[in-house]
Amino acid sequence: MALFSVSQTAFLLAFLSLRTYQSEGLSEPLPWAPESLKVSVNTTCQCLHLQWTVHNLAHHQEFRMVFQIEISRIKTSNVIWVENYTTTVKWNQVLHWSWESKLPLECAKHFIRMRSAVDAAKTPGPRVWSSWSSWEEADVQNSLGQDPLFIFPKDKLVEEGSNVTICYVSKSHQNNISCYLEGVRMQGEQLDPNVSVFNLNHVAFIRETGTNIYCKPGQGDGIKGTVLFVSKVLQEPKDFSCETQDFMTLNCTWDPGSDTGLLKQLSQSYTLFESFSGKKTLCKPKSWCLWQVAPESQDMYNFTLTAENYLRKRSVHLLFNLTHRVHPMAPFNILFKNVSATSATMTWKVHSIGKYYTLLCQVELYGEGKVTQHNVSVKVDGAHLFSGLEPDTEYLAQVRCANGDYFWKWSEWTHQNFTTAEAAPSEAPDVWRNVKTVQGRCVVTLFWKPLSKPQAHGKILFYNIVIEYLDRTSVSEVLSIPAPASGTELPLNQCSSQIRITASNSVGTSPASVLVVSREPGNEEVEEERVKGTEDGFPLSWNPQPRHVTGYLVEWCEQPRDPPCDLQWKNLGPNVTSTVVSSDAFRPGVRYNFRIYGISTERVPYLLARKTGYSQELAPSDNPQVVMTNLTSHSFTLSWKNYSTESQTSFIQGYHVYLKSKAGRCHSGSEKAVLSDDVVCCKYKIDNPEQKTFVVENLQPESFYEFLVTPYTSVGEGPHDAFAKVTTPDEYSPTLIRILLPTVFCILLIMITCYLKSQWMKEKCYPDIPDPYKSSVLSLIKSKENPHLTIMNIKDCVPDSIEVLNKQEGTRKSLTETESTKPTYLYLLPTEKRYSSPGPCICFENFTYNQAASDSASCGHVPVPPKAPPSQLGLLTSPENLLKALEKNYMNSLGEIPAGETSLNYVSQLASPMSGDMSNLPTNPPEPALCSEYKMQMAIPLGLASPPSSGSSSLSSITLLDEGEHYH
Amino acid sequence: MRAQLMWRTLPSLVLGLLFLSTPVMGSCLDKDQELLRQLQKQADIMQRTSMLLNPYIQSQGLDKDGLKEHCRERPGTFPSKEALQRLSRQELLRALNTMLDHVLHRLMALQQDIPKAQDLETVNRAKQNIRGFKNNIHCMAQLLPGSSERTEPPPIGPGTSPSPTPTPDTFQRRLEGCRFLHGYHRFMHSVGQVFREWAESPSRSRRHSPRRGLWKGARRVPLSRGNKRLLLRGQLPR
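Protein chains in written order, with the UniProt record's numbering: chain A, 1 to 968; chain B, 1 to 238.
Keep in mind that a hint or two might mislead.
[As the list claims (entries may be wrong)] Output of the computed footprint for chain A on chain B, the stretches with three or more beta carbons under 8 Å from beta carbons of chain A:
1) 82–95
2) 169–182
3) 193–201
[Stated by the list, open to error] Derived DEER-like restraints, expressed as beta-carbon distance ranges:
4) A:S172 - B:Q118: 33 to 43 Å
5) B:S50 - A:N321: 45 to 55 Å
6) A:Q292 - B:E34: 55 to 65 Å
7) B:H138 - A:N333: 54 to 64 Å
8) A:N333 - B:R131: 49 to 59 Å
9) B:L144 - A:W288: 38 to 48 Å
10) A:H55 - B:L104: 53 to 63 Å
11) A:N176 - B:Q118: 33 to 43 Å
12) A:D147 - B:R131: 33 to 43 Å
13) A:N176 - B:H138: 45 to 55 Å
14) B:N97 - A:Q190: 49 to 59 Å
Since the hints were made in silico from the structure, they are not lab data.
Ideal Cβ positions, reconstructed from N, Cα and C, are used throughout, including at glycine.
All chains, please: the whole structure from these sequences, using the hints.
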């Protein structure tokens with residue numbers, strides 16, 4: 001203290017003397033000017049390091065002085081930095097000052113000078129400076145070497161986001177040097193003819209190995225470059241914490257944050273310093289460090305964790321009492337003792353943390369979806385009794401501990417499983433039955449639900465069934481069904497019986513379920529009601545029963561479409577009159593039937609109600625298979641009797657019959673409807689779902705129709721596809737059929753009759769020997785020519801000649817023409833026997849005798865042999881030929897004449913007609929009597945049957961035709 | 001990335017299998033032709049740039065246009081193929097041994113600049129390959145006549161001193177390393193070719209005379225195409 005007072009006094013004296021000196025002569029230089037200024041360059045940190053002294057200081061003399069430093073770049077006049085450096089100067093002291101250049105020092109010359117002044121901050125008045133020192137030059141370029149190109153700075157380490165200045169120095173005076181950063185060309189500015197500078201702002205981290213920056217001249221291979229190591233910003237360690245498990249070591253941990261992303265040698269390091277003990281340790285891991293606890297009892301620790309790299313240093317501090325940072329190790333050796341159906345004792349051990357410390361242990365028990373928690377104080381070993389456990393249940397028990405005196409952290413959990421012992425089942429099995437009669441005998445099918453785990457209290461081994469017949473006439477039966485059966489079928493000796501069912505495990509038997517089977521059937525005539533399902537299930541309700549019931553039961557099938565239907569039931573209390581039946585098995589579009597039973601006090605179930613419904617109704621997916629009958633021209637009948645309304649996806653409310661027609665008119669009873677494809681049709685509505693026939697009427701004959709029958713429900717109707725097609729028949733076709741059929745029948749009848757009476761008909765209509773009296777020709781002649789003509793009696797005729805009819809070629813004559821015909825008569829009788837006067841004669845032609853003559857369709861025709869030309873007829877005129885031919889034909893006329901061989905017609909004996917034609921004969925044959933020729937009995941058209949001009953025209957009705965010539 | 005790793009791993013696996021039959025533990029194959037085939041295969045694998053050069057270029061950021069063109073072997077770092085062909089077999093094996101020692105030394109230096117463990121593993125595998133190759137060289141030298149004669153490594157031209165002066169700055173060191181690895185792969189390619197020539201002219205392996213003189217003489221005489229083939233088959237007149 002005394003020394004300080006002395007020095008202060010000396011300083012004041014010196015300062016006063018200095019002020020006096022300054023006031024006396026300002027022109028004199030300050031005696032404590034900086035001297036021996038030396039400038040050195042550190043290229044690693046791009047620093048200018050200044051070193052100087054202050055002379056004329058007395059021993060033990062100290063001054064607070066200010067040194068003003070000026071730094072110029074390239075030339076002295078270009079001052080880039082001025083700084084006042086204040087320090088306490090002692091005798092013979094070498095002073096230092098450093099300055100870091102943003103521009104690499106190799107890029108330009110730097111000049112430094114300084115002056116000094118006594119720091120008289122407490123003294124008013126202007127500061128008195130010494131004179132400037134001479135300029136000191138810092139020129140690194142001279143020592144670069146002979147390479148033509150340099151880039152600076154070398155291997156600079158910067159933080160991400162900082163600004164960096166790069167330069168190149170060219171000694172080859174090339175101007176076309178280009179520089180790149182990671183392959184991207186940089187634009188710089190010329191500092192002097194040989195130096196260019198590039199300013200990089202906010203440099204980014206690219207890779208751990210640094211960012212490559214390189215320059216190369218336009219010609220040659222002289223590439224030069226540098227690597228800029230960009231570090232991510234070093235982060236302050238977070239969550240710095242220390243704790244002990246055994247009072248031997250402290251484990252200190254922290255979160256180092258994101259990595260700086262640099263090479264290992266450039267990465268940050270962590271050191272741990274404890275101020276009370278003064279110890280320090282270098283932590284090799286980046287996130288934790290171990291600290292040895294002093295053997296002597298040091299309770300308080302003050303740690304400083306320092307993260308440091310080349311650019312930055314970050315520190316965090318932690319002060320704590322060791323006993324407050326105890327983190328016990330996890331308990332071990334967990335055991336369970338005295339495990340019964342409802343209780344168990346758990347024991348465990350803990351790692352000791354000293355005999356003066358008590359551990360607080362937390363015990364948790366998981367089981368049956370529940371968690372229970374207990375706290376236990378422990379010195380060395382712990383124990384805890386679990387009670388109220390469920391039989392045959394697996395539990396998980398776990399324990400963890402902490403310092404009981406000062407809680408810091410729980411240890412890790414240690415856990416172990418155990419299972420309680422079994423007990424007898426606590427509940428009777430839930431049982432239901434289905435009774436049916438097979439061959440007059442009652443058969444009961446029993447169903448039961450497996451006991452739940454809390455009810456079974458162990459593994460169910462079998463089910464016992466005891467059947468007691470109520471009329472006591474039969475002996476009781478006992479059955480045992482092994483688990484896991486859920487039902488059995490029992491034929492009963494008598495229907496009236498009581499069935500008791502129990503479940504057994506290895507420990508005991510459950511209470512019994514009792515069912516009574518009655519001989520009387522249930523009330524099956526209960527009317528079925530509809531129920532609408534919801535998302536929650538089927539809401540069912542029923543009327544409370546006047547008589548006493550022990551409960552109600554709802555029964556349904558979960559798979560009504562697939563037998564067995566998976567019978568389900570639900571027991572309800574006696575005061576319940578509604579419930580909601582829900583099941584995951586319920587599907588939309590499936591009809592479920594529910595039966596509600598009341599259980600009497602005698603355990604007899606009786607049916608109370610029947611419900612049916614859908615959990616969700618769906619529109620019908622199919623239409624009925626329709627059969628069309630009774631098709632008429634105005635109507636047809638549709639029928640779909642096989643369509644079941646019970647097995648549909650919703651309640652069928654009725655049917656729609658759609659009818660498409662070209663007319664587009666809808667009659668009464670139908671309405672127009674527009675289908676989805678914009679087709680207009682008529683719609684008939686059937687409100688009764690059980691009406692499965694429909695007559696479509698008022699149709700047009702011979703018209704095309706399409707029809708569709710689809711069911712409709714509350715959620716829609718069936719699909720509108722697959723219209724059936726029909727065309728109505730003609731309106732008159734049935735009438736025609738009604739007329740034609742009898743007509744055809746009558747004709748057939750007549751034909752059959754004629755066939756059967758053909759002989760009679762033949763005799764009546766066309767006998768083999770014609771009856772001239774029946775000839776129409778006769779009547780014709782009678783009426784028009786000669787009313788006196790009569791039929792010659794055959795007895796009166798003497799056959800004496802054959803009339804040969806000759807026909808002149810090329811002539812065609814009508815039946816009434818006579819001139820062209822020149823009959824030739826061949827007298828069969830001797831001349832002397834001829835009649836002296838020819839009498840009238842009628843010539844009959846009978847085709848029955850000569851088919852060939854018939855084919856020639858002419859009477860009196862002399863058929864020519866097939867190969868004989870017509871000119872050969874003339875040969876017949878000679879007597880010999882005629883005789884031959886006559887002989888032949890005559891013989892044939894007595895017998896059968898073969899077809900094709902006839903050359904002459906036979907003319908039967910005729911009465912000789914009056915005729916003058918005989919004079920025309922070229923020869924002198926005996927004159928035949930004038931004959932009336934009998935032709936084939938046929939109706940002569942009126943046009944052709946013109947009356948003859950003379951009575952001799954009887955022969956003119958005969959025309960001789962060539963073969964192949966016909967009249968038209 | 002996985003495929004790339006496989007391509008790097010697969011050759012090493014093959015090499016490892018090859019080394020199983022090599023005298024890693026001091027025992028050598030006594031069949032020179034089989035040993036020669038192994039050396040060829042090893043050289044073929046070691047010449048692949050995917051084994052060393054490509055991962056290095058990628059890790060150091062040299063895979064940029066205008067930069068990777070400078071990753072070419074500096075003349076004189078490694079001996080040329082012609083220089084290797086001029087050597088006798090004993091001399092070649094000795095020269096190879098020496099060169100590979102230099103390579104090992106250089107690889108260890110390069111490892112300092114490789115931060116990623118994956119890339120470090122690549123370098124370590126390459127070093128193992130080289131050591132195995134050196135073992136086989138040793139065995140091959142044992143099989144050659146006159147192997148007991150200990151001679152100095154022969155002068156093999158400008159590539160006799162492959163270790164360049166270490167450059168202080170990282171960029172130049174990085175570029176030099178890249179060039180060195182490029183030269184290494186080229187060198188191993190030449191070695192493989194020389195070994196192949198050995199296999200094609202088995203009779204020459206029996207010769208005990210210095211090969212240098214023969215090669216020099218042969219090269220002095222301009223040969224026709226047919227004579228060149230004869231020369232390659234070792235049928236040149238003495």
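Here's how the hints hold up against the structure:
no. : hint                        : result
1   : 82–95                       : violated (count 0)
2   : 169–182                     : holds (count 6)
3   : 193–201                     : violated (count 0)
4   : A:S172 - B:Q118: 33 to 43 Å : 41 Å, holds
5   : B:S50 - A:N321: 45 to 55 Å  : 60 Å, violated
6   : A:Q292 - B:E34: 55 to 65 Å  : 60 Å, holds
7   : B:H138 - A:N333: 54 to 64 Å : 60 Å, holds
8   : A:N333 - B:R131: 49 to 59 Å : 52 Å, holds
9   : B:L144 - A:W288: 38 to 48 Å : 58 Å, violated
10  : A:H55 - B:L104: 53 to 63 Å  : 60 Å, holds
11  : A:N176 - B:Q118: 33 to 43 Å : 40 Å, holds
12  : A:D147 - B:R131: 33 to 43 Å : 37 Å, holds
13  : A:N176 - B:H138: 45 to 55 Å : 53 Å, holds
14  : B:N97 - A:Q190: 49 to 59 Å  : 53 Å, holds
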